[in-house]
Amino acid sequence: MSHDIPLTTNVRHDVPVLVIRADADFQNLHDCAGRRLTAAKEMLFSIASVGIERAVAAEGRDLASIANAAYLLLEDADDMLLAIGRAHTREVADAREVRRG
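Quick note: my numbering has the sequence shown finishing at residue 101, numbered continuously throughout.
Simulated from the structure, these hints should not be mistaken for laboratory data. Treat the hints with care, since some could be wrong.
[What the hints assert, rightly or not] What follows is a set of in silico ranges between Cβ atoms, one per label pair, in the way DEER data are often shown: (1) A22 - L44: 27 to 33 Å; (2) R100 - D62: 26 to 32 Å; (3) V50 - V98: 23 to 29 Å; (4) A93 - D31: 18 to 24 Å.
Every residue, glycine too, gets a C-beta built ideally from N, C-alpha and C.
Work the whole structure out from these sequences, hints included.
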């Protein structure tokens with residue numbers, strides 16, 4: 001039985017396609033979440049920087065597409081942050097076992 005963590009953004013939750021490896025280490029999860037947070041932040045900064053006149057002139061579909069992409073990246077990053085907590089707990093427990101052992 002797989003203990004991988006399905007991403008919230010999966011279209012179907014009964015058969016998840018995108019998962020976070022449950023055995024991934026803290027640093028890899030942190031790096032991956034950080035990249036998604038940075039990408040979403042930069043997308044939203046781009047929207048905020050165009051100015052209200054240009055934003056109103058932009059097609060609503062374009063803004064909606066960027067907002068949806070930013071949402072997906074942020075949701076994935078949020079899932080990874082939860083996995084980071086689990087990985088940290090696991091790695092601390094493993095380190096304690098090594099010290100005792």
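Earlier hints that do not hold, by number: 2, 3
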